[in-house]
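Student: Chains as they are written, first to last, in UniProt numbering: chain A, 1 to 717; chain B, 1 to 717.
These are calculated hints, taken from the structure and not from any lab test.
These numbers were taken from a predicted model, which means no experiment stands behind them.
By construction, the Cβ of each residue, glycine as well, lies at the ideal position given by its N, Cα and C atoms.
Derived pair list, reagent style DSBU-like, types lysine-lysine, alpha-carbon separation capped at 35 Å:
#, chain 1, residue 1, chain 2, residue 2
1, A, 650, B, 239
2, A, 95, A, 334
3, A, 56, B, 650
Among chain B residues calculated to face chain A with C-beta under 10 Å, some are:
#, residue
4, 27
5, 180
6, 193
Number of protein chains: 2
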Amino acid sequence: MRVLKGALAAVVSLVVVLAPAHAVEEDGYQLWLRYRPLQQTGQAQQQAQTISYAGKASPTVRAAIDELRRGLQGMTGKAPAVATTVASGAIVLAKAGALPQGFSADGLADLGREGYLLKSASVNGKRVTVIAANDDIGLLYGAFGLLRALDTGKGLAALDERSAPKLQLRVLNHWDNLDRTVERGYSGQSIWNWWELPDIRERQYVDYARANASLGINGTVLNNVNSKAEILTAPWIAKVAALADVLRPYGIKVYLSARWSTPLELKETTTADPLAPEVAAWWRAKADEIYRAIPDFGGFLVKANSEGQPGPQDYHRTHADGANMLAAALAPHKGIVMWRAFVYAAEKPDDRAKQAYDEFKPLDGKFAPNVMVQVKNGAIDFQPREPFHPLFGAMPRTPLMMEFQITKEYLGFAMHMAYLGPLFEEVLKADTMQRPNGLTVAQVLEDTEHGQRLTGMAGVANIGSSRTWSGSHFDQANWYAYGRFAWDPQGDSRAFAREWATQTFSREPQAVTQIVDMMMRSREAVVDYMTPLGLHHLMDTGHHHGPGPWVDNLGRPDWNPTYYHKADKKGIGFDRTATGSNALAQYAPGVAKRWADPRTTPDELLLWFHHLPWDYAMPSGRTLWTELVARYDRGVAEAESLRARWEKLKPLVDERRYDEVAQRLDTQVKEARWWRDASVAYFQSVSGLPLPPGAKKPGRTLEQYKAIKFPYAAGHH
Amino acid sequence: MRVLKGALAAVVSLVVVLAPAHAVEEDGYQLWLRYRPLQQTGQAQQQAQTISYAGKASPTVRAAIDELRRGLQGMTGKAPAVATTVASGAIVLAKAGALPQGFSADGLADLGREGYLLKSASVNGKRVTVIAANDDIGLLYGAFGLLRALDTGKGLAALDERSAPKLQLRVLNHWDNLDRTVERGYSGQSIWNWWELPDIRERQYVDYARANASLGINGTVLNNVNSKAEILTAPWIAKVAALADVLRPYGIKVYLSARWSTPLELKETTTADPLAPEVAAWWRAKADEIYRAIPDFGGFLVKANSEGQPGPQDYHRTHADGANMLAAALAPHKGIVMWRAFVYAAEKPDDRAKQAYDEFKPLDGKFAPNVMVQVKNGAIDFQPREPFHPLFGAMPRTPLMMEFQITKEYLGFAMHMAYLGPLFEEVLKADTMQRPNGLTVAQVLEDTEHGQRLTGMAGVANIGSSRTWSGSHFDQANWYAYGRFAWDPQGDSRAFAREWATQTFSREPQAVTQIVDMMMRSREAVVDYMTPLGLHHLMDTGHHHGPGPWVDNLGRPDWNPTYYHKADKKGIGFDRTATGSNALAQYAPGVAKRWADPRTTPDELLLWFHHLPWDYAMPSGRTLWTELVARYDRGVAEAESLRARWEKLKPLVDERRYDEVAQRLDTQVKEARWWRDASVAYFQSVSGLPLPPGAKKPGRTLEQYKAIKFPYAAGHH
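Generate the whole structure from the sequences, applying the supplied hints.
Tutor: See the structure below:
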């Protein structure tokens, strides 16, 4: 009997460890385009028996039909046939001018080239679902819109939706180098296999295009803003052209980051002065060469005179001189220039937060019409929280483009869960107060006051060669949310999270609610355990991984965390009021006034704008010091809570993805404690104050935290 | 009617372009472990109704059972249940001592710890299939053996197979750097995500272990032979331990490349002299530290005093002094040292091909018993063809380990199809003539004359983060063939190709035959269009991509292609006979004598050993010059033929993989022509001879070929 019991125990233990032998594991590659079977497949099958398109199908329309078949096959179990006639149960793709007889497409004309309309209708007595648009790309977007509607539980029966993008340019910026490393990339290599291009066109490029088209992203800057001259040489233009060919049917234009000194470095000019005729001629010829290979090339993104990059100021010219010279070369081809406002120089030690405004505000109105100035969401550098950039609303005669960072250089890389939707939304909904009735950042971007000018948004991509694309499952949500906000800057981050979670993880309402709630709290948790109360730029040097509030020995003052927190025995915070750097003066008076007084400054921005004594009384009744420690502790508690909540989702999530997320959350808890402990240890060493009652003593000494080093860190090149 | 016809045409064109909407595309990730459905699933289901194992299942046995279930689910459509009793139709896993009553396992004892026996048998009147072994790892290898048998059409009914590895150490060498780049890697990044280790244990590590275990590979050196000190610090030992934990159940030990100067660089010793007591003590303590984390750690691989790496010669000590000091540190833990014989120094300008022998032959018998000397297959460096290394058979008192290169540094990277099975086989079957009755390289490795000594083979891995693992579908075959040869150095490359193609591409005999034939001819094609007739080391500088026979300006003479071909107005080839470097004297007299005379030297090695006039009369009746050009042309024709033959396979191969291979073959043809044209143009410029009648003029001028540059080439770090 004992033997038998042992043997039975062995069977049981075996059965427990055996995974289903044949299930295809969810590895994240399919992103939000998983198209899992609907509960009621019969009804959906009835409503999607055929796909009807009457014209000659362009590659874009073919992509729309392919996607509908793929999605409907997945969700209903049956791929619809394709027909040119309209039968009952058809999904009808139709462009304005070729709409089904008797179908009313009210408002279609207002939706522009990229908008679409989805409508359940009766046409000649037949029940059909119409995807109507003014152009092929609208049909593709509409196809994705229909699939999303179906996937998120809307059903086709009463579909009546119209959508058009509010910004013209919805662009990803890849900080991808030509050797396939990615600056601040935490998702493996660049997905651009430059070495094998143009010969090898990987299937993943198509899936990249599909994912972006599903969000309406219509442009991609392929290479790092810290650019190299080689990207503009003939072999690389051929590689870029091959990618452009793959992306074109999905409505995605390619752009390149241009290095200012390219012609000089290639020894094809003797200067890079934008006003030198030979330089302008070189760029005109280069643009002509590019457009011969890529007729719909988007244009250039330029980082100039920033962080050591060359630029027109090297020749005592302005940013406008530089941008306009390039714009003139691109204009005959309808190309544009995206000129970054992220500039700072060590020679101007006033307040780094002020420099972009100081340099660009005087240039308002001086840029050519095909130039956009691309402004980061905040004035420092993609911190967990920053106030909106003072340039928004301050350059009414210049089209401004938002630059968000989707890759989480400062929010835990691909390790920490930090859904950026709320960060994007917070910035976009911020009121610049540059108009009497208010003017949000989103409204500045949409530029409704002008109408014919360029509008756009850029997101620094978190896409790489890793099987999850974004380095982790939850980081895919940041790509998703970025794309949705680029389509509609007045969108809702919680709604986007819900869409994403439903398509990506589960249609089970309980699971969706839990996951969305985790996502919505996750970014604030990171703020709290890294940089609470308006602190910023406290990360360790170079790789930006982990805490380094003590760092004070770098080559430039404004690289040091101590420059930003200015903590000493008496207090902490950066005084940006009139008694300090007066960066506040760059904001509209309504904003500046509110933030000039710590009493009317939100806690979240307090130490961004104010240097306050450690015993400053917070609205909570605590001293600043006690509050600071409490915020750090709250962040850690939130990270622990994320981990605990995920545990509860175990029965509702497939095993592999459950496990992969759990591993990351374990690490997040560990690193949250490290951030908290190291920061508290450091600030305590500066303030000399005892830990508030009940606060836990850091696990190691400050010297031990300082000694931690990370050779070969990810994303640091 | 015209409209209707147009519409119909549109439908047709759409239908043509639509891929199946739901098929999971073959992307190569599953390697040869695809387990596609058998034609006769019923019979196989009958024979595999249950998996029986009576004991307590160790992680290794669990892995065996998991794999059997996965494979049988795939091939028969049904995953067998797991039981502890033996029923009819069972697959019985049994270790010696616990074999089913009445089952005769003749010869099992001779199969060692890793061998296995597969046998269809009747046990108590029940038809069963027995996998018998002496240890758990034998059961895992047996499970893979059974699945391979089934997959390649053997069936279970009359199975009677026994197999045991002929070498003890079957090891992969990853030239993977700590920043995830891979030296000479053409398959994306390192699969070791060092940055996220030890916290994140990726699922791919398990699949890596499965694939290797399926071949019997039982060791892996995780990091580049050009090693860094950090790998031996505590944070990295923790990362390595995490990988060791994942690989352990699959019988795979981890090893590390150790940098000679590690303790000195870490400032923990004042010298790296192997005879200094503080150095020996440091390594002893380091070994102890490693073994505390990884009790079954395999040991160190060392590249010392080679290509700028530090080593014991820096202190006027020998390789043996260095290896033995490390060996002493590892011996208490049963660890070993693999000491590379790949050495050459600029200060010894005689003939680079002679240096390893000159340095190591005198050390024969001076190495500790737990040291192996790891010798590349040839005396230069993994060229498309080299004669076997003269050290094989020349160090009878030292265990020698073969080092093959699986990654194709010199055979077209992951772009060209070049099945290396014939290269491995050619070397292994070469007769060193060091015994009166012959002694092949394989016999040297197997070391049957001694018995208790270490034996082994190393392969420089072609594994990376790319979805195909190896950078292309066909490069997987090189990993496969390497593993099979490591198990049996006297194996047959064609048989391995057939196994691989059947499991990987198709069981259709016509497809298999065609694919195997392409594979078998592919390496010779590369030899012909790159380095025919014994030429070698003609590649361009640094990245080793493309032809550079003209290069003569590098820092060391033996880095220059001109050093190796010695072509001038009069002739071509490296005289390694007594009138030249006399490298031939390093071979056994029988070999030396045959290769001393160009008349008895095989064409394939002619210019390796002889400098001959351009008008030398070849056995073909042609002059050497005419023959050389003909060989280049033959190589190009073969590349073109590979492409044409693949075209014919289109109906027999799944669409995605067909297309991905076709793209690479297109490029191979292009690059074969480039190699041929550039080489012919160059040698013509040297010989001053007219092109042979009918030979095609190169497409560009020599200067144009010389001007081609490849910044940011893959695998070059």
